[in-house]
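**Q** The listed protein sequences derive, respectively, from chains Y and U.
Be aware that the first sequence starts at 1, since it is given in our numbering, and climbs by one per residue.
Be aware that the second sequence starts at 100, since it is given in our numbering, and climbs by one per residue.
Warning: the hint list may mix true and false statements.
[Said to hold, decoys possible] List time: in silico DMTMM-like cross-link candidates among lysine to aspartate or glutamate, alpha-carbon distance up to 25 Å:
{"#": "1", "chain 1": "U", "residue 1": "Lys225", "chain 2": "U", "residue 2": "Asp192"}
{"#": "2", "chain 1": "U", "residue 1": "Lys225", "chain 2": "U", "residue 2": "Glu274"}
{"#": "3", "chain 1": "Y", "residue 1": "Lys22", "chain 2": "U", "residue 2": "Asp192"}
{"#": "4", "chain 1": "U", "residue 1": "Lys271", "chain 2": "Y", "residue 2": "Asp69"}
{"#": "5", "chain 1": "U", "residue 1": "Lys261", "chain 2": "Y", "residue 2": "Glu32"}
{"#": "6", "chain 1": "U", "residue 1": "Lys225", "chain 2": "U", "residue 2": "Glu199"}
{"#": "7", "chain 1": "U", "residue 1": "Lys132", "chain 2": "U", "residue 2": "Asp192"}
{"#": "8", "chain 1": "U", "residue 1": "Lys293", "chain 2": "Y", "residue 2": "Glu82"}
{"#": "9", "chain 1": "Y", "residue 1": "Lys22", "chain 2": "U", "residue 2": "Glu274"}
{"#": "10", "chain 1": "U", "residue 1": "Lys268", "chain 2": "Y", "residue 2": "Glu32"}
{"#": "11", "chain 1": "U", "residue 1": "Lys225", "chain 2": "U", "residue 2": "Glu203"}
{"#": "12", "chain 1": "U", "residue 1": "Lys293", "chain 2": "U", "residue 2": "Glu313"}
{"#": "13", "chain 1": "Y", "residue 1": "Lys22", "chain 2": "U", "residue 2": "Glu348"}
[As the list claims (entries may be wrong)] Just a sample of chain U residues kept apart from chain Y, beta carbon distances all over 10 Å, derived:
{"#": "14", "residue": "Lys177"}
{"#": "15", "residue": "Ile179"}
{"#": "16", "residue": "Asp192"}
{"#": "17", "residue": "Leu316"}
{"#": "18", "residue": "Pro350"}
Hints listed in this document are in silico derivations from the structure and should not be mistaken for laboratory results.
We put the CB at the ideal spot given by N, CA and C, even for glycine.
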Amino acid sequence: MSWLDFFRANRKPEPDSAAQAKERLQILLAHERIGRTREDFLPRLQQDLVAVVARYVAIDPAKVNVALDRGNDISTLAIEIELPSVRSAPAGAVEAARA
Amino acid sequence: MAQVIVVTSGKGGVGKTTTSAAFATGLAQAGKKTVVIDFDVGLRNLDLIMGVERRVVFDIVNVIQGEARLNQALIRDKRIENLSILPASQTRDKDALTKEGVNEIIEELSKDNDFILCDSPAGIEKGALLALYFADHAIVVTNPEVSSVRDSDRILGVLQSKSKRAEEKRDKVKEHLLVTRYDPNRVERGEMLKLEDVREILAIPLLGVIPENESVLRASNTGMPVILDGESIAGQAYKDAVSRFLGQELPHRFLEPEKKPGLLRRLFGGRAA
Chain Y
1 MSWLDFFRAN RKPEPDSAAQ AKERLQILLA HERIGRTRED FLPRLQQDLV AVVARYVAID
61 PAKVNVALDR GNDISTLAIE IELPSVRSAP AGAVEAARA
Chain U
100 MAQVIVVTSG KGGVGKTTTS AAFATGLAQA GKKTVVIDFD VGLRNLDLIM GVERRVVFDI
160 VNVIQGEARL NQALIRDKRI ENLSILPASQ TRDKDALTKE GVNEIIEELS KDNDFILCDS
220 PAGIEKGALL ALYFADHAIV VTNPEVSSVR DSDRILGVLQ SKSKRAEEKR DKVKEHLLVT
280 RYDPNRVERG EMLKLEDVRE ILAIPLLGVI PENESVLRAS NTGMPVILDG ESIAGQAYKD
340 AVSRFLGQEL PHRFLEPEKK PGLLRRLFGG RAA
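Isolated chain Y, as found in the complex:
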């Protein structure tokens, strides 16, 4: 160790910025990778859902809403299907399924 190091040691240690870089990247990419697959499967999921539900109830395909909500710890997939008001059924029945 040289005498120069004595002065160096007195300087404030800088925070390890590389560790921050790694952490930020891991969080960001985890989200972006979900986004990538979402583009793929959400429209198809919507189509499939409409097809299945339509076998039992007459629904308007335009009134199906599929949303993926990405949170820090958990992500929720919300599927909202509006059923048409039929006179025999209570008006404005809305069925929401959460998974």
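Fit chain U to the given chain Y structure using the hints.
**A** Same frame as chain Y, but now just chain U:
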């Protein structure tokens, strides 16, 4: 049939063209017939890095538009046998490239080459998409820096969805990570992402690590691919990467800081090499 290799990264300025020039030269040195194509239409630079800028007569757009034959546009390297360069156009824009046109060129080059290297432009626009479309292998050039790693991850997604292999649901494009501008001293000080971090995040096989080195700028100054500078650590690292690509197993080098000069050397000895 030639193997098609795309050199890509998403981000600009990370060393795609330096890598394309070095890799193509290295493959040719290893006795493989190699052609390297510049896909950066409008901003060509591979010719300059390969030192053939004064020999460009026709370019890839001329060939696609039928204004020149492929053989007229190909520039044969004077230093290395087996190596030729197909330059990009400097005056047209990227729309002058078409999938059909590129397909024809690659098919014709396939007949008498072992490897076709495609030097991709930055971004994920048409030029970059065409450069990777026909690829069998992708060399993903990444700096140990957040924006470069993010863009590399993005381009890996594009390779998996927009390449010809992905569209035809064949075996996926083989991915190779090449970390460039790696500075072991800064890594040791905690200022730069570690190699292990970059590997862990991108999770693709590592082809090589090119250290940050003065020789790279010197090579581009003189138009000589850095792999021809066998004395330099960057040149040696590229040579190792090419050998690994061709199947040899070699340990990764230049990952640790070089020994620091002693106190007297630091005080009186001038600059370290």
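**Q** Taking the hints in turn, state whether each one holds.
**A** Right, here's what the structure says about each hint:
no.: 1; hint: Lys225(U) x Asp192(U); in the structure: 10 Å, holds
no.: 2; hint: Lys225(U) x Glu274(U); in the structure: 21 Å, holds
no.: 3; hint: Lys22(Y) x Asp192(U); in the structure: 37 Å, violated
no.: 4; hint: Lys271(U) x Asp69(Y); in the structure: 30 Å, violated
no.: 5; hint: Lys261(U) x Glu32(Y); in the structure: 17 Å, holds
no.: 6; hint: Lys225(U) x Glu199(U); in the structure: 13 Å, holds
no.: 7; hint: Lys132(U) x Asp192(U); in the structure: 29 Å, violated
no.: 8; hint: Lys293(U) x Glu82(Y); in the structure: 51 Å, violated
no.: 9; hint: Lys22(Y) x Glu274(U); in the structure: 21 Å, holds
no.: 10; hint: Lys268(U) x Glu32(Y); in the structure: 23 Å, holds
no.: 11; hint: Lys225(U) x Glu203(U); in the structure: 17 Å, holds
no.: 12; hint: Lys293(U) x Glu313(U); in the structure: 21 Å, holds
no.: 13; hint: Lys22(Y) x Glu348(U); in the structure: 29 Å, violated
no.: 14; hint: Lys177; in the structure: 43 Å, holds
no.: 15; hint: Ile179; in the structure: 38 Å, holds
no.: 16; hint: Asp192; in the structure: 28 Å, holds
no.: 17; hint: Leu316; in the structure: 24 Å, holds
no.: 18; hint: Pro350; in the structure: 23 Å, holds
Hints 3, 4, 7, 8 and 13 from the earlier list are contradicted by this structure; the remaining hints agree with it.
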